[in-house]
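Chain residues, written in single-letter form:
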Amino acid sequence: MPPPSRRQSAPLFYRIPGGHRRRVTLLCQRLNAEDPSEGTRAALALAVAAANRMRADLRLIATQQPIAPHALSALLGRQGLAVLGECSLFGPVTSCSSDEFDHFDGELVLAASCRCAADALAELPVEDLVCLLHADDPDLPGAVPDQAGAGALLGRTDLRFAICTQTFKQHLVGRGFTHLMRHAPSFEPTPALAVAVPEPSNDRRRAFLFEVTAPVDRERFAIGLQAIERALDLGVLDAQGWDLLFAAPDLPQVILGNGQRPTSFDHLDASAAWQARQRAVLALRLPLPNAAQQAPLGVAAPHAVVVLASTTGVNDAASAMSPAVIRCALECEAMVEALRRGVERLRDDASRPQRPVPPESTGNESLSLEDMAGQLTAVR
Amino acid sequence: MFAPTVPAQPYADPWLSPTQDRLAMLARGERRVAYYYEEPNTSTFRYRAYNMAQVLNAQPGSHYAASYFFRRDLVAMQEIVDHADVLVVCRSGYEHRLARLMERFTRLRKPVLFDVDDLVIDTRHAHLLIGTLGLDKDDPRIWDDWFGMIARMRATLERCDGVITTNAFLAARIHEFTGKPTVVAPNFMNREQLAISQRLWTAKHDAGFATTAPPLLGYFSGTPSHQRDYATVEPAIARLMARRPDLGLTLVGFIEPGPALAPFTRRIQRQPFMDWINLQRLVASVEVNLMPLQANVFTDCKSPLKYFEAAAVGTVSVASPAVNHIACIDDGVNGRIARGHDWEQRIEAVLEAPDSYRAMAESARADAVVRHAWTEQLPAILQALGWH
Numbered sequence: 001m002p003p004p005s006r007r008q009s010a011p012l013f014y015r016i017p018g019g020h021r022r023r024v025t026l027l028c029q030r031l032n033a034e035d036p037s038e039g040t041r042a043a044l045a046l047a048v049a050a051a052n053r054m055r056a057d058l059r060l061i062a063t064q065q066p067i068a069p070h071a072l073s074a075l076l077g078r079q080g081l082a083v084l085g086e087c088s089l090f091g092p093v094t095s096c097s098s099d100e101f102d103h104f105d106g107e108l109v110l111a112a113s114c115r116c117a118a119d120a121l122a123e124l125p126v127e128d129l130v131c132l133l134h135a136d137d138p139d140l141p142g143a144v145p146d147q148a149g150a151g152a153l154l155g156r157t158d159l160r161f162a163i164c165t166q167t168f169k170q171h172l173v174g175r176g177f178t179h180l181m182r183h184a185p186s187f188e189p190t191p192a193l194a195v196a197v198p199e200p201s202n203d204r205r206r207a208f209l210f211e212v213t214a215p216v217d218r219e220r221f222a223i224g225l226q227a228i229e230r231a232l233d234l235g236v237l238d239a240q241g242w243d244l245l246f247a248a249p250d251l252p253q254v255i256l257g258n259g260q261r262p263t264s265f266d267h268l269d270a271s272a273a274w275q276a277r278q279r280a281v282l283a284l285r286l287p288l289p290n291a292a293q294q295a296p297l298g299v300a301a302p303h304a305v306v307v308l309a310s311t312t313g314v315n316d317a318a319s320a321m322s323p324a325v326i327r328c329a330l331e332c333e334a335m336v337e338a339l340r341r342g343v344e345r346l347r348d349d350a351s352r353p354q355r356p357v358p359p360e361s362t363g364n365e366s367l368s369l370e371d372m373a374g375q376l377t378a379v380r
Numbered sequence: 381m382f383a384p385t386v387p388a389q390p391y392a393d394p395w396l397s398p399t400q401d402r403l404a405m406l407a408r409g410e411r412r413v414a415y416y417y418e419e420p421n422t423s424t425f426r427y428r429a430y431n432m433a434q435v436l437n438a439q440p441g442s443h444y445a446a447s448y449f450f451r452r453d454l455v456a457m458q459e460i461v462d463h464a465d466v467l468v469v470c471r472s473g474y475e476h477r478l479a480r481l482m483e484r485f486t487r488l489r490k491p492v493l494f495d496v497d498d499l500v501i502d503t504r505h506a507h508l509l510i511g512t513l514g515l516d517k518d519d520p521r522i523w524d525d526w527f528g529m530i531a532r533m534r535a536t537l538e539r540c541d542g543v544i545t546t547n548a549f550l551a552a553r554i555h556e557f558t559g560k561p562t563v564v565a566p567n568f569m570n571r572e573q574l575a576i577s578q579r580l581w582t583a584k585h586d587a588g589f590a591t592t593a594p595p596l597l598g599y600f601s602g603t604p605s606h607q608r609d610y611a612t613v614e615p616a617i618a619r620l621m622a623r624r625p626d627l628g629l630t631l632v633g634f635i636e637p638g639p640a641l642a643p644f645t646r647r648i649q650r651q652p653f654m655d656w657i658n659l660q661r662l663v664a665s666v667e668v669n670l671m672p673l674q675a676n677v678f679t680d681c682k683s684p685l686k687y688f689e690a691a692a693v694g695t696v697s698v699a700s701p702a703v704n705h706i707a708c709i710d711d712g713v714n715g716r717i718a719r720g721h722d723w724e725q726r727i728e729a730v731l732e733a734p735d736s737y738r739a740m741a742e743s744a745r746a747d748a749v750v751r752h753a754w755t756e757q758l759p760a761i762l763q764a765l766g767w768h
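Heads up: the protein sequence lines correspond to chains A and Y, in order. The first sequence runs 1 to 380 under my numbering. The second sequence runs 381 to 768 under my numbering.
Just so you know, these hints were derived from the structure itself, not from any lab. Be a bit skeptical, because a hint or two may be false.
Derived pair list, reagent style EDC-like, types lysine to aspartate or glutamate, alpha-carbon separation capped at 20 Å [claimed, not checked]: (1) Y:K490 - Y:E459; (2) Y:K490 - Y:D524; (3) Y:K490 - Y:D465; (4) Y:K490 - Y:E410; (5) Y:K517 - A:E123; (6) Y:K560 - Y:E538; (7) Y:K560 - Y:D524; (8) Y:K517 - A:E100; (9) Y:K517 - A:D99.
Using the sequences and the hints, build the whole thing.
Set out below in structure tokens:
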């Protein structure tokens, strides 16, 4: 298979003598600091932790859109991250000479997506690169066509990987990338669960997660809400059997037609999102149109069935990657039908997603964010 | 904006005197140094030759004498050789007349030193330098010019006995790349610059830092090579100007405001490149002196001129965390350090706290006078010349 063609936004690098200043570069496609995906937040947190540990500067390169300094500053504040060195921002990038970036030996480059890693490998020494794998990467293997060459990339044994969550690592291993088990450490981006997600009131109640990505589109939110109420009315969702978790920025307080009050997560922070997703066994997600980065694997990977309602054909990659993802149109009846299929899939032991069983101790259990940063920077 | 308290000053380059007069400056000293620079200018020549000579010549008695010469003076080459004990070649590329001048000093066992204020002595950094300056990489003449310039600098350096430079970080790089003994004689404010600064500071201080107009940010560029540095702070300026309808911006020198500032054109004062005496008046008038730099080894080698020249007139600087900015700015004490993402907050913090502004300005002023005034530089200069 020929290598993927080089994109217009693939960054160009040139080499300079090193050793005078340390630097961590985070290479991503978008760093939408006002509406970061889980993967973006994890990548940023890891890059900051690595840079601070190395007493290095941080360079953020978003290939496809500008990084708004004020939004980044606010995001860092929300995540409790402080950058100790310089923090340089670049983007968007064009493959022209004026947009070149210097690189020196020993610089740590974190690629926040398979596509970014593939781009960087054409220009940088493989030993300086770490590919961050996370569930929000729209270019994960399974996409048809695999334009980023992600399948081949994940098969490489000379490239360092860092996987965001042990659960997602299990998912990738289960998809056949078995070498990742021993050679790719995983980390948990939100070890401190600061926001409590209520535990089920009894063992039989399960968690249903309704998630709308920011900025909230009231119309989309209303359609989703309508579908959920309809599913409750029709008994597709048994009101007594489900804890309803609603997550969206600026979420209004909701009282459903049956009087039920869902547990709402306004400004869902990383730890709350992680915890909610860990609990959910069925989810309805309404991603932004064209927001392919909002992949549902972060929910599906643990053990859930995810209904993905969209007006566009996004997330083919996710559907292909996991049988736990059910796509449907952004219409009430289509969503209800998809939820029905999701509930049936949960009843069907054969097709039901299984919560990954923690492997026997191999000495490479999931690391904390700080420990992951320490491992990446240990030899630098 | 602080009120202009000192009228515009008449200005003429103080170094324009006939060759014979400058040779005569060497006649009276027991230890005599000739500084060489290709052409006089207000940047490198002023800091590295004129200012140094001023300090040496100001010492009582006749221990030291110093003068400066240019390419056009080399018709009197032998007289320069005869009159000086040490030659300091300031940031000059190799050429036949300069080579001959250096050779004549060397043959008489008179030390020849190379003085350089930028990382322009190693062609391995040419690519970085061209990128940092935002030059047209698709123009092959750019590559010829810069590789040629750096190679010529290096050729001059290689013929010298040692190197003098502006700061410890650059000194370490030069020693690392060349193996030459390298010492630091920092940049500083000369007598004239400090005198006008003293007047401006006194007036500002005596007025209790009273302002007469809405606040002003200032970006002061002495060369056309700082567009990319300036670009790092422009998003923050645009947001601040959008939120604060009274905020103005003064741009001095060769800087072009970007499209983000288009809505605020009426609040932007643009000034042409200005002589270094009257520039102090302008610096004194703004509340915040902006000192953005891209982060790399080339910019880390820059000395903190802009900081201490603003400090001398009681203006607070907000600066990128380049090596030499961090070395002299204690964040929140005598200025502010801003990272790429938090310029907006740092600038606003300065604007919104008049009490801490005054404290920072006073602290910076004291630092400028104690560490960066011409009166304090003799030991470093003597050590650089091997006269300690």
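Consistency of the hints with the structure:
{"no.": "1", "hint": "Y:K490 - Y:E459", "result": "holds (14 Å)"}
{"no.": "2", "hint": "Y:K490 - Y:D524", "result": "violated (34 Å)"}
{"no.": "3", "hint": "Y:K490 - Y:D465", "result": "holds (6 Å)"}
{"no.": "4", "hint": "Y:K490 - Y:E410", "result": "holds (14 Å)"}
{"no.": "5", "hint": "Y:K517 - A:E123", "result": "holds (18 Å)"}
{"no.": "6", "hint": "Y:K560 - Y:E538", "result": "holds (8 Å)"}
{"no.": "7", "hint": "Y:K560 - Y:D524", "result": "violated (26 Å)"}
{"no.": "8", "hint": "Y:K517 - A:E100", "result": "holds (10 Å)"}
{"no.": "9", "hint": "Y:K517 - A:D99", "result": "holds (10 Å)"}
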